[in-house]
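Number of protein chains: 2
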Amino acid sequence: MVNRSDVHYFGAGPAPLPTAVLERASQVLLNYKDKGIGLCEISHRSPDANDILADAKQALTTLLDIPDDYEILFLQSGGSGEFSATVYNLVSIWVEKKRAKIAEEVGDDKAEVLKRLRKAVDEELKLDYLVTGSWSLKASQEATRLVGAQHVNVALDARKANGGKFGTIPPESEWNLTPRKSGGGPALVYFCDNETVDGVEFPAFPHSLEGEDAPLVCADMSSNFISRKVDVPKYAVIFGGAQKNIGNTGIAIVILRKSLLPPASMPASPDLLRELNLPVGPIILDYPTIAKNNSLYNTLPIFDVWVASQVMTGLVNAYGVKRIGGQEEISNDKARQIYETLDRYPEIYRVVPDKAVRSRMNICFRVHGGDAEKEKAFLAGAEKRGLLGLKGHRSVGGIRASNYNAVSLSGAKSLVAYLEDYAKAA
Amino acid sequence: MVNRSDVHYFGAGPAPLPTAVLERASQVLLNYKDKGIGLCEISHRSPDANDILADAKQALTTLLDIPDDYEILFLQSGGSGEFSATVYNLVSIWVEKKRAKIAEEVGDDKAEVLKRLRKAVDEELKLDYLVTGSWSLKASQEATRLVGAQHVNVALDARKANGGKFGTIPPESEWNLTPRKSGGGPALVYFCDNETVDGVEFPAFPHSLEGEDAPLVCADMSSNFISRKVDVPKYAVIFGGAQKNIGNTGIAIVILRKSLLPPASMPASPDLLRELNLPVGPIILDYPTIAKNNSLYNTLPIFDVWVASQVMTGLVNAYGVKRIGGQEEISNDKARQIYETLDRYPEIYRVVPDKAVRSRMNICFRVHGGDAEKEKAFLAGAEKRGLLGLKGHRSVGGIRASNYNAVSLSGAKSLVAYLEDYAKAA
Numbered sequence: 001m002v003n004r005s006d007v008h009y010f011g012a013g014p015a016p017l018p019t020a021v022l023e024r025a026s027q028v029l030l031n032y033k034d035k036g037i038g039l040c041e042i043s044h045r046s047p048d049a050n051d052i053l054a055d056a057k058q059a060l061t062t063l064l065d066i067p068d069d070y071e072i073l074f075l076q077s078g079g080s081g082e083f084s085a086t087v088y089n090l091v092s093i094w095v096e097k098k099r100a101k102i103a104e105e106v107g108d109d110k111a112e113v114l115k116r117l118r119k120a121v122d123e124e125l126k127l128d129y130l131v132t133g134s135w136s137l138k139a140s141q142e143a144t145r146l147v148g149a150q151h152v153n154v155a156l157d158a159r160k161a162n163g164g165k166f167g168t169i170p171p172e173s174e175w176n177l178t179p180r181k182s183g184g185g186p187a188l189v190y191f192c193d194n195e196t197v198d199g200v201e202f203p204a205f206p207h208s209l210e211g212e213d214a215p216l217v218c219a220d221m222s223s224n225f226i227s228r229k230v231d232v233p234k235y236a237v238i239f240g241g242a243q244k245n246i247g248n249t250g251i252a253i254v255i256l257r258k259s260l261l262p263p264a265s266m267p268a269s270p271d272l273l274r275e276l277n278l279p280v281g282p283i284i285l286d287y288p289t290i291a292k293n294n295s296l297y298n299t300l301p302i303f304d305v306w307v308a309s310q311v312m313t314g315l316v317n318a319y320g321v322k323r324i325g326g327q328e329e330i331s332n333d334k335a336r337q338i339y340e341t342l343d344r345y346p347e348i349y350r351v352v353p354d355k356a357v358r359s360r361m362n363i364c365f366r367v368h369g370g371d372a373e374k375e376k377a378f379l380a381g382a383e384k385r386g387l388l389g390l391k392g393h394r395s396v397g398g399i400r401a402s403n404y405n406a407v408s409l410s411g412a413k414s415l416v417a418y419l420e421d422y423a424k425a426a
Numbered sequence: 001m002v003n004r005s006d007v008h009y010f011g012a013g014p015a016p017l018p019t020a021v022l023e024r025a026s027q028v029l030l031n032y033k034d035k036g037i038g039l040c041e042i043s044h045r046s047p048d049a050n051d052i053l054a055d056a057k058q059a060l061t062t063l064l065d066i067p068d069d070y071e072i073l074f075l076q077s078g079g080s081g082e083f084s085a086t087v088y089n090l091v092s093i094w095v096e097k098k099r100a101k102i103a104e105e106v107g108d109d110k111a112e113v114l115k116r117l118r119k120a121v122d123e124e125l126k127l128d129y130l131v132t133g134s135w136s137l138k139a140s141q142e143a144t145r146l147v148g149a150q151h152v153n154v155a156l157d158a159r160k161a162n163g164g165k166f167g168t169i170p171p172e173s174e175w176n177l178t179p180r181k182s183g184g185g186p187a188l189v190y191f192c193d194n195e196t197v198d199g200v201e202f203p204a205f206p207h208s209l210e211g212e213d214a215p216l217v218c219a220d221m222s223s224n225f226i227s228r229k230v231d232v233p234k235y236a237v238i239f240g241g242a243q244k245n246i247g248n249t250g251i252a253i254v255i256l257r258k259s260l261l262p263p264a265s266m267p268a269s270p271d272l273l274r275e276l277n278l279p280v281g282p283i284i285l286d287y288p289t290i291a292k293n294n295s296l297y298n299t300l301p302i303f304d305v306w307v308a309s310q311v312m313t314g315l316v317n318a319y320g321v322k323r324i325g326g327q328e329e330i331s332n333d334k335a336r337q338i339y340e341t342l343d344r345y346p347e348i349y350r351v352v353p354d355k356a357v358r359s360r361m362n363i364c365f366r367v368h369g370g371d372a373e374k375e376k377a378f379l380a381g382a383e384k385r386g387l388l389g390l391k392g393h394r395s396v397g398g399i400r401a402s403n404y405n406a407v408s409l410s411g412a413k414s415l416v417a418y419l420e421d422y423a424k425a426a
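Quick mapping for you: the protein sequence lines, in order, are chains A and B.
Residues 1 to 426 in full-length UniProt numbering are what the first sequence lists, from first letter to last.
Residues 1 to 426 in full-length UniProt numbering are what the second sequence lists, from first letter to last.
Worth flagging that the hints you see were computed from the coordinates, not collected in a lab.
Among these hints, one or two may not hold up.
One copy or two, either will do: identical chains are not told apart, so a pair holds if it fits within one copy or between any two.
Derived lysine to aspartate or glutamate pairs resembling EDC-like cross-links, with alpha carbons at most 20 angstroms apart [said to hold, decoys possible]:
#1 Lys110 <-> Glu96
#2 Lys138 <-> Asp271
#3 Lys413 <-> Asp6
#4 Lys35 <-> Glu383
#5 Lys181 <-> Glu124
#6 Lys424 <-> Asp371
#7 Lys101 <-> Glu172
#8 Lys181 <-> Glu104
#9 Lys119 <-> Asp109
#10 Lys115 <-> Glu275
#11 Lys33 <-> Asp6
#12 Lys384 <-> Asp34
Produce the complete structure using the sequences and hints provided.
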């Protein structure tokens, strides 16, 4: 029997969870608040469920200093579902805004409004994607499926300047963003803040997406959520699956600018969207519906929300006024130690991404230039020391040490020690 | 402190789970198979996760005697997401089938194919809905959102013959189904096998949906899944959220006829669907994608699949060759005892739905003609005896005793005893 204390788990997600949270979870599964019913069994419409939702929102708000004009949503979509949800929702808003403006000019002539609106969609509807890794690529592909290639502007494909492989983020001057326009511009600009598969992380919020008439920025933070400070007001939508830093697979969290909800922003009618050859999304991904129902439009996995709430409340209590800054220091320190060790043995290890964009969360490297047999031996040696989950993503191979919040400093140090020992013995 | 053994829980979903399963769950949360990692932490692409998926499929296949030409999918959509998924997928198949047929007749003239296809969509595309309660109503409303009212045929609105309220299923001779046609007919016929809110259950598979050129039948079995025998070959799609009879909120299960997957049935291209003013669904609801990836297109909550697997394997072991028939006998017996007691005191209790369509799963009744104060007192009395979760759905009020598989015979008997005592004292 291997105990939890015998292993350090570096899986890319689902990721390790704090043992203390799992210990409490194993109790509440059977009996929540001593009421004789477990947490997977209580109604999502009960006062207890409402309290859990409120606690989770409060903890996330505190950690990331989320302003009042943002809404927090929980959905069952997974991160992949949010690839679609951002498109459906922001295209719908773009269309309705445009329609309202045209109607103001044209008046009651519905046929004329439709004609001009169709022209505007044809000529102006653009969704900008910064493709810096496998996940933003998938998101851009989903946008293309949903609205058609003519509306998707890949403003950056980071593979192009890097021999067809991800691993860099070219300078912003080389990005081909849709021009801003007062009251216009792209329906959204999308990026993935941290690319789990490729180990590429945006070092900071892109300067090009700031300032007057800034576009609506959607960011996937699935794999670096609550690992560093986030300047929330710069984003229209932040989303992430919970299964890395926050909790269980089963919920995605969306932080949404309230001005994107009614009455400030109205969605286009489904009939109009179809008429314009644009997609109509499922009701379970409709942000106005989810927000209006406090994330309880349909049954929400309250157990998963509870786990997230426990994890986040733990960080609030641990870091006090530092908020997520406390976690950021630790995350950075763990990543620094691992990267420094890898860099110390360039003849043995090669970090995959460029130094400037190395992910603090997913540390991707090759051993002996990517020799398959030697990497297998490296992984076997790690397992012997209880260092698990280090295999790279099946699409790229190699080694990946995921350094999520629940990986302890001692876990990182154990990995460092193994990297040292392996390099010295090689 | 109230223990699990002190209460009987009649919640409508999330529903009670077998205590033995929860006890095992509380262990594997911390350490799965003594590997030092918990079940919410392991990779959904690990051999262990694959085994869990295979076990869940095998147990469901055994229980319901699912033939080889059916596929089992797990999705995070919830039941509500499947309202949309059935529409997206079956409309797409209908369109592509029609397109291929027209192309066969017309040849390479793409403009002509599109013209005829558009005409066919306008004139022939119909989705039939049997609306017998709140959930089939919601499903029909979602279909209308997605494809437009002109394509949705409410073949039955059970409220019409019942004073505007659900509670009956009028005879099939009164249904207004879209006529069958060899190689044509409606894109789907939809019904909800058991209406959780209204306590209405189809006593048997509708005769009108059988036979030659039978339409593609989609059935929502969220609240009576694995509670009785199902003649699977009669259905194109059976789906249900897991959180009633099967497991946790977090997964929906879809049983899908394989001939609805490629290469037997091809989906229409997203470009064509938009061109035809039809909706394009999100990739996470795309059955071909989910099937091709063995339900692992994106991260699946393996813990929830495990719970479902444990519950279903428990039934397989308990009922042996009787399969789900063993559970059916018990479910029927529990429901019969409760209904008989209610019927014995007509001056106190009134069962809401018609006798012929009473749900074995959700027993909806009023106390003292629905007097609010008295029903409140009835519920308070029940709680004193540890009989919990009996409040009716907020949209209809009254009392609802949900009689899911995990409600034991002794639970049903305790409720019967309370019904007797309450009536005698009233």
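Cross-check of the supplied hints:
In this assembly of identical chains, the alpha carbons of Lys110 and Glu96 lie at most 20 angstroms apart only when taken from the same copy (14 angstroms versus 32 angstroms across copies). In this assembly of identical chains, Lys138 and Asp271 lie within 20 angstroms of each other by CA distance solely across copies; the values are 18 angstroms between and 28 angstroms within a copy. Taking the closest pair of Cα atoms, Lys413 and Asp6 come within 20 angstroms of each other only inside a single copy of the chain (14 angstroms); across copies the shortest separation is 48 angstroms, beyond that limit. Proximity of Lys35 and Glu383 under a CA criterion of 20 angstroms is satisfied inter-copy only: 11 angstroms between copies versus 42 angstroms inside one chain copy.
In this assembly of identical chains, Lys181 and Glu124 lie within 20 angstroms of each other by CA distance solely inside one copy; the values are 11 angstroms within and 43 angstroms between copies. Taking the closest pair of Cα atoms, Lys424 and Asp371 come within 20 angstroms of each other only inside a single copy of the chain (18 angstroms); across copies the shortest separation is 81 angstroms, beyond that limit. Taking the shortest alpha-carbon separations for Lys101 and Glu172, neither the intra-copy value of 32 angstroms nor the inter-copy value of 50 angstroms comes in at or below 20 angstroms. For the identical chains of this complex, Lys181 and Glu104 are intra-copy neighbours only, at 19 angstroms inside a copy versus 48 angstroms across copies, given an alpha-carbon limit of 20 angstroms.
Only within a single protomer do Lys119 and Asp109 lie at most 20 angstroms apart by alpha-carbon distance; the minimum there is 16 angstroms, versus 27 angstroms between protomers. Taking the shortest Cα distances, Lys115 and Glu275 sit within 20 angstroms of each other both inside one copy (11 angstroms) and across copies (16 angstroms). Taking CA atoms no more than 20 angstroms apart as the test, Lys33 paired with Asp6 passes between copies only; the shortest distance there is 14 angstroms, against 31 angstroms inside one copy. When the C-alpha separation of Lys384 and Asp34 is checked against a cutoff of 20 angstroms, the pair qualifies only between copies, where the shortest distance is 15 angstroms, while the shortest distance within a copy is 41 angstroms.
Checked against the numbered hints given earlier, the structure breaks only hint 7 and satisfies all the rest.
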